[in-house]
Amino acid sequence: MKSIKKYAGILWMILSILSVYYVLSTAITEISAGEPEDASIFWPIIITIFIPIAIGFGLFGWYALNEEYEEG
Amino acid sequence: MSEEKKSGIWTVITSSSVGTLIEWYDFYIFGSLATILSVQFFPQDNPTIAFLNTLLTFAAGFIVRPFGALVFGRLGDIVGRKYTFLVTLLIMGGSTFVIGLIPGYATIGVAAPILVLILRMLQGLALGGEYGGAATYVAEHSPANRRGFYTSWIQTTATLGLFLSLIVILVTRTTMGEAAFRDWGWRIPFLLSSVLVGVSTFIRLKMHESPMFSKLKKEGKVSANPLKESFGNKRNLKMVLLALFGAAMGQGVVWYTGQFYAMSFIQQTCNIDSVQVNYIIVLALLLGTPFFVVFGSLSDKIGRKWIMMAGMLIACIAYRPIYSTMYDLADLSLKTEVSSHVSTPAITSEEHDGKIITTTVNEKLFTDGTIQKTESVKDNAGNTISEIKSTVLSNSGFAFMILLIFIQVIFVTMVYGPIAAFLVELFPTRIRYTSMSLPYHIGNGIFGGLTPAIATRFFEASKSSGDPGGDPLAGLTYVIIVAAVCFIIGSLYLSNKPVPDEEI
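Protein chains in written order, with our numbering: chain Z, 757 to 828; chain V, 37 to 540.
Incorrect hints may appear among the rest.
If the Cβ cut is set under 7 Å, some of the chain Z residues that face chain V in the computed set are [unchecked claim]: (1) K758; (2) W799; (3) P800; (4) F816; (5) W818; (6) L821; (7) E823.
Think about it this way: if two alpha-carbon atoms lie no more than 25 Å apart in a straight line, the pair counts; the simulated SDA-like pairs of lysine to any residue are [what the hints assert, rightly or not]: (8) Z/K761 with V/N532; (9) V/K270 with Z/L771; (10) V/K341 with Z/M757; (11) V/K274 with Z/Y819; (12) Z/K761 with V/K499; (13) V/K499 with Z/T785; (14) V/K425 with V/L401; (15) V/K341 with Z/A764; (16) Z/K761 with V/S527; (17) V/K533 with Z/E823; (18) Z/K758 with V/T394; (19) V/K264 with Z/S781; (20) V/K270 with Z/L821; (21) V/K274 with Z/L767; (22) V/K270 with Z/T785; (23) Z/K762 with V/S259; (24) V/K274 with Z/I770.
Estimated spans, in silico, between C-beta atoms of each pair [said to hold, decoys possible]: (25) Z/I760 with V/Y315: 44 to 50 Å; (26) V/I516 with Z/P792: 21 to 27 Å; (27) V/T50 with Z/G790: 36 to 42 Å; (28) Z/L771 with V/T50: 53 to 59 Å; (29) V/I393 with Z/I801: 35 to 41 Å; (30) Z/I760 with V/E255: 52 to 58 Å; (31) V/G405 with Z/G790: 33 to 39 Å; (32) Z/N822 with V/I516: 46 to 52 Å; (33) V/K533 with Z/L767: 21 to 27 Å.
Hints listed in this document are in silico derivations from the structure and should not be mistaken for laboratory results.
Here a beta-carbon is modelled for each residue, glycine too, at the ideal position from N, C-alpha and C.
Extracted from the complex, chain V is given alone in its bound form:
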């Protein structure tokens, strides 16, 4: 590859990746703030139901992704890649900005969750069109022997988007304080999106159409009906099904388990302090992200199939021991309290709606350095408004938790690093955008996106009168079954042969 071509491909990768990263950022601030949003937008009679409803609203964004894949995939195969993912970027940015402006349930009642749901669905539609376009665009600029390496940069954007969302949340939260953040500060990460989208739109406007699509257009070979060609033609439909059940389905659950379920598990089930949760996830992602490129590049040398299959298999075997260790790490019943430790309660008061609200934070110290914080909020009549207990891990516990999440991120990089190149190579240029987007977004959006909601469901179902606490690892059953079935199908039916340039 000449120097000129090399610098060209990096411009293509950068301009595509920045936009995709911003879209993931927009999509994930909702997930990262699920606990706060459940308080803001849903009735609080039953906090578990409120949290489940938030997860379902979060999941709605995932469920509509395949529809976005169909709508924008079709557009991308007819009009072109460049203009299609400019439209998706603007829809995503607009929806995110408006979520940051919606008044809460206490102000506008049931209209609040309905508006959030609609905007969340718009976000999902936009994302459904974005990713396939970016992956296709980069792959169509890449030489065959480096396609895994170059497209793996697009693969980092999903994790970096989550990373960016957590950093913005962490900075906002620590700068303004927990109370103000819960009250109104959570809106800032949503509103900030408009600036990021503006910059990204400016960069994308300068991009050129993909050379393969331009050639197709010049020759008059653009598909007139990509949906019919993709799904009405048996030769292509069977590959769509294989891509879904032999790769994308398992990749989706491993992805969301490693990044979202892990976060939800340590926050909800292990009850770890939310700021510490953000630090744990941010550091684990930071350490793990370079491996997307490592595995993407390795897939150019040894093939895509076995890297993805190995990731799924190891994940299936390792999940239960990993989550059991994570649970034990924060389990206070396994720790000894330092009885001689006397904590001085930290008391703060502030006026809210004409009432004086007092927040008292008490701490219990354990011999390994773990701290249990109890934050009680009372009004001026002494009535308790809320009491939140959380665990702050010791330094060694904190480091060990990062390691456990990092291992899961490695599984993510194994299944996700090579998948863009794998999907692109499975379908012809004229219907590529449509054909690769659908299995990817069913796998990620539905199988993956529903992981937190279904896993929470499994956990709730494991509770009984004899075991009111339930099995904290019950949620993993869903993930392990889906990844195991996908591993078997992928191992049996997928090809590991390299695909030369002339065949894509």
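Just chain Z, same shape as in the assembly:
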């Protein structure tokens, strides 16, 4: 269990990077295509709030990889 918890940290860091990539690439595609109509309102809001959370998720993965959650 200890090593699963530790190496799952890598997975959380990868997931955080992939989710940032997914959000940014979808936002760029939709805003440049102008479709749907409100893409230029929707995506800046989502990006502004989502990126700090994704960074937090990456940091959580880093802590897990460094066995910071072992005492729990």
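Using the hints provided, position chain V relative to the given structure of chain Z.
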């Protein structure tokens, strides 16, 4: 626990819960009236965009909640719990009252949605400060072995607030009639808030400060900078992150799916009559609410972790079958129309802005008792102003729909019932208000609050030229992914050990 202490804790729970309930009521009347507000405050060139904008304004209230958690959490850890959640109550009540006074888009143009957005953000800030204070306040009065039970009463307030908002809307709507309600009656639930907040403020003024905070203050151990201590200290920051990604994130999406997305789904996607929608949600909530206390109390005996994790896992597995059944229940293409049924159109006329407006309601009956209502509104020149089709479920369909929503409310009670005690126990008294409020409000406010907007987005994205109707269940993808990731993280990293009094 002595009788005197027992009666004391119930006074604490009642006075905290009533205020929190009113705040949730204020917050949720906006969501419950989203369809009407989109017509009142946004341009109607494209109804889908108007509805999406309303959802985003609704979501703005959620997005700012973490900021409210930081501002008021800090205040609560420095000044005290009692005064902080008195301030949040007054901000919430004032904002709600003013929303009820704003003229519509037709009268003041773009100023209307801007004002609504600002007031909605103020509501979100207030709520961000309220919940953490109430949960902390009750937990700090509770003995360790009953903390889950006592804080679960605070957990019922979110659902009861929604319940109260739906009851007020239902009574107002049925008393004054649909046309008057859509025209101006929707303002009443907002204006009523001022009375409720007045009563609640009076009750809260009589409350005393939490004993743990008072002790800390007496000993001069109150945190000078709760934000720095909460998020600048690795030992605490890692627990904030764990609370968010291992509990609050999944809890938020399960909560909003069970109560808001379900309502939006049966109203928008299943096209069920709005009054019947309110009855369905109200009854499902009424039946499900006692389970908050059941699971809160159970968490004192078997631990918080596995109740919350089980709720997330079962929700992930069950959502698609449940929503597919809900969709089929209202799908008229699967039903047979009674061809011999001849309905007599109900025609009403009223004068509006000097014009005679005629409303005609036609009905189609199906063999299982389902009715499709078509309400067309025309002006005196015979031009169609609007035509709304809605489905009224048969008695058995109505009961079955209540059961399907009730099952989702049970998932909500499993993840939400124990979470206040769980979060309180994760952080020390001196920075508890700040530390527990932030993950809770990111989980609920952002992951949960954005559920309707993101799910609607997924649904719209599933539409294509080959499938113009789209996949009605596409919105669940977001919910299931977030809950599944949270379940895995929570199962791996959270502790299920009880926390004794001396450690909190």
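So, going through the hints one by one against the coordinates:
| no. | hint | verdict |
| --- | --- | --- |
| 1 | K758 | 10 Å, violated |
| 2 | W799 | 10 Å, violated |
| 3 | P800 | 11 Å, violated |
| 4 | F816 | 4 Å, holds |
| 5 | W818 | 10 Å, violated |
| 6 | L821 | 12 Å, violated |
| 7 | E823 | 11 Å, violated |
| 8 | Z/K761 with V/N532 | 16 Å, holds |
| 9 | V/K270 with Z/L771 | 22 Å, holds |
| 10 | V/K341 with Z/M757 | 17 Å, holds |
| 11 | V/K274 with Z/Y819 | 7 Å, holds |
| 12 | Z/K761 with V/K499 | 40 Å, violated |
| 13 | V/K499 with Z/T785 | 17 Å, holds |
| 14 | V/K425 with V/L401 | 13 Å, holds |
| 15 | V/K341 with Z/A764 | 19 Å, holds |
| 16 | Z/K761 with V/S527 | 10 Å, holds |
| 17 | V/K533 with Z/E823 | 19 Å, holds |
| 18 | Z/K758 with V/T394 | 71 Å, violated |
| 19 | V/K264 with Z/S781 | 34 Å, violated |
| 20 | V/K270 with Z/L821 | 15 Å, holds |
| 21 | V/K274 with Z/L767 | 17 Å, holds |
| 22 | V/K270 with Z/T785 | 38 Å, violated |
| 23 | Z/K762 with V/S259 | 33 Å, violated |
| 24 | V/K274 with Z/I770 | 18 Å, holds |
| 25 | Z/I760 with V/Y315: 44 to 50 Å | 47 Å, holds |
| 26 | V/I516 with Z/P792: 21 to 27 Å | 23 Å, holds |
| 27 | V/T50 with Z/G790: 36 to 42 Å | 54 Å, violated |
| 28 | Z/L771 with V/T50: 53 to 59 Å | 43 Å, violated |
| 29 | V/I393 with Z/I801: 35 to 41 Å | 37 Å, holds |
| 30 | Z/I760 with V/E255: 52 to 58 Å | 42 Å, violated |
| 31 | V/G405 with Z/G790: 33 to 39 Å | 46 Å, violated |
| 32 | Z/N822 with V/I516: 46 to 52 Å | 30 Å, violated |
| 33 | V/K533 with Z/L767: 21 to 27 Å | 25 Å, holds |
In this structure, the hints that do not hold are numbers 1, 2, 3, 5, 6, 7, 12, 18, 19, 22, 23, 27, 28, 30, 31, 32, in rising order.
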